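**Student:** Using the hints, position chain B against chain A.
Protein chains in written order, with the numbering used here: chain A, 46 to 418; chain B, 98 to 363.
There's no promise every hint is true.
Stated by the list, open to error - Interface residues of chain A toward chain B, partial, derived using beta-carbon atoms under 10 angstroms:
1. 72
2. 75
3. 153
4. 312
Said to hold, decoys possible - What follows is a set of in silico ranges between Cβ atoms, one per label pair, in the way DEER data are often shown:
5. 356(B) to 337(A): 57 to 63 angstroms
6. 262(B) to 146(A): 32 to 38 angstroms
7. 334(B) to 174(A): 33 to 39 angstroms
8. 322(B) to 109(A): 37 to 43 angstroms
9. 259(A) to 262(B): 50 to 56 angstroms
Keep in mind that the hints were calculated from the coordinates and are not lab data.
None of the values given here were measured: they were computed from a predicted structure.
Every residue gets a Cβ at the ideal spot worked out from N, C-alpha and C, and that includes glycine.
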Amino acid sequence: MQLIRTNRDLRIDFFRGLALWWIFTDHIPADWLGNLSIRNFALCDATEVFVLLAGYAGGLAYGGTMRAQGWLYAAADVVRRAWVLYIAHIFLFVVFSAQVAYSATALDRGDYLDEIHLDVMGGAPYRALLEALTLHFQPAYLNVLPLYVVILLFFALVMPLLRWPPVLAALSFGLYASARIFGLNLPSWTGGGWFFNPFTWQLLFMMGAILSFAPGELPRRRAPLDAAAGGVVVFGLIMQWIVWQHPSVIENLPAGVVRALMSVDKEGLHPFRLISILALTWLAARFVPIHARWLTSRLGRPFVLAGQHSLPVFCAGIFLAFLGRLATEQDDGLLMQCAVNVAGAVALWCVAAIAAWYSNKGRSGRKTAPSLE
Amino acid sequence: MRTIRGITAGIGAVATTLALLAGTAAAADLPSCPPPAEQELDANPLPHLAASLKPGATLNVLVVGSATVFGPDLPPPADSRGKPAAPPTPTGFPWQMAHALEASVHNLHIALTVIGSRGLSADDMLARITAELPHHAYRLVLWQTGTVDAVNDLPPGDFYETLADGAAEVANAGADLVLIDPQYSRFLQDNADLQPYQEALQAAAGLPGVGLFHRFDLMRDWADQHAIDLERTPRADRPKMAARLHACLGRELARQLLAQAGAALR
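Bound conformation, chain A alone:
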């Protein structure tokens, strides 16, 4: 049985799957494969890839629905999707909190609670439940889905502007810039605002949506953009491998430069991070052909499959990553590192395969508009 749907741009699925795998390895502290993920080579990390491609998939799926059946119908679909994500988030919150709290008790590791930020739950459990339901309380690792929910609700409102890309882009960028300048963020229970500020991160999603809904021709003169994107990548490499690794380099830079370099925040999608993901997107679009053979090769297929079922794979990845952490804390040798990473990757693939089997089973019986998985 064919698990992978091939009637679409598999590059998007592949890179989403890759981002999901990186999210898994990045979430196991001191996982050796964590040293190979994108965060080690660029100023952005898997989150940026995930949000941009979520926007791309959203523009494709809901943009198509809007063309065929109008805004109201499409917006209802988007809100329904946001609801599904919200339910998934709450389910994951319960599972993950139970997993971490039980492990902390059973292994006598109170620091898990502090790190994952569940300590506040011990102090005020009733309040914590309420704050979790209203998304004001987001333990560590559980910040991406709330961001996605809020962005989708915003998208439902502004999606008609996809027909006028410059207007949507200007609105989205205006929101990004004002949130950064005036420090706007949604409030969080424990102070400091949301870990991923929806007012800034929406820009990446909207860019993805515009790219898929109204794909322009690549400009005729591509060399300058290639060079600029390459320059951004090299800059990222220098930052990651030289500047941030060697304090002696930092000490010799002017104080103003140091302050600028050190203020690259993830919460507000710092311009460096934004430029970094845009440069990578340009390079991927330029140099990865849409029908590249390797996408459907033995190595490429698992990523494509995972990317086509990102929600269950993401949720499973959070759960499995914590199990992986527990395992590597028992024994951090080569064997355990291999076992954790192989078992994790296989488990993620199984989750994706089951999701694919199940949704294909449903799809063969009825004809519906393509939905965002």
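**Tutor:** Just chain B, lined up with the frame of chain A:
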């Protein structure tokens, strides 16, 4: 607010003798520590500390922090209600530091006050420092902070302001301030945005009368050398390893404080 006066906090010869005995006892069964770190205290001159680390002197030290200042056998309560029963000889690194200082300077008497509790942000701690400073003539304040702020993603700019305010208050009270950065954890290193908070601590250490003890780097080195690595220690061995960690941290902190004041650890 919960205050634990350390065992050396008493006055008079009896208390001093007890403290010295405890210090010797601690030194005798001191677990082996990795060789002294290459790092030194990141500090401008600390005049109050230098003036107080003299034979026969009494040094009032205020230690404020979240969970880790209390050490493995003195778990801080989640709230401030109820006084926990303090074990006869706390093994947390502040007490270990006091022992090591007293063993190194003849007749030095350290009066230790340790305050704080789990989950306090720098701002919470500043309020406690403000409230505690007038109670004794403190000459040294050790302020362990950063983890809670980083995990809760509190604004790093505010974090720096809090540190700077604290530095000013401590200076006004006639004491030096030594900041202690977060405990090393692979989670903090890989999954929390620790950099801005480390930068803020570093920047605060540039203020007059302020120093920074690089606990994170020190513990990472020990973990890399497979010397002391609490996160990779099986549960059964963890109490022993925690005791060793605190003993070695305390000793290393004492060494760096003494070096800053121009003296050597004995």
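**Student:** Decide, hint by hint, whether the structure agrees.
**Tutor:** Here is how each hint holds up against the structure:
Evaluation of the residue 72(A) hint against chain B yields a held restraint, the C-beta minimum of about 7 angstroms falling below 10 angstroms. Interface restraint check: residue 75(A) against chain B, minimum CB-CB distance 4 angstroms, threshold 10 angstroms, status holds. The closest approach between the C-beta of residue 153(A) and any C-beta of chain B is roughly 6 angstroms, which is under the 10 angstroms cut-off, so the hint is satisfied. Interface restraint check for residue 312(A): the shortest CB-CB distance to chain B comes to about 6 angstroms, inside 10 angstroms, so the restraint holds.
Between residue 356(B) and residue 337(A) the CB atoms are about 60 angstroms apart, so this pair conforms to the stated range of 57 to 63 angstroms. Residue 262(B) and residue 146(A) have their C-beta atoms about 35 angstroms apart, which keeps the hinted 32 to 38 angstroms range intact. Distance hint for residue 334(B) and residue 174(A): a CB-CB separation of about 37 angstroms, consistent with the stated range 33 to 39 angstroms. A C-beta distance of roughly 58 angstroms is found between residue 322(B) and residue 109(A), which places it outside the suggested range of 37 to 43 angstroms.
Distance hint for residue 259(A) and residue 262(B): a CB-CB separation of about 51 angstroms, consistent with the stated range 50 to 56 angstroms.
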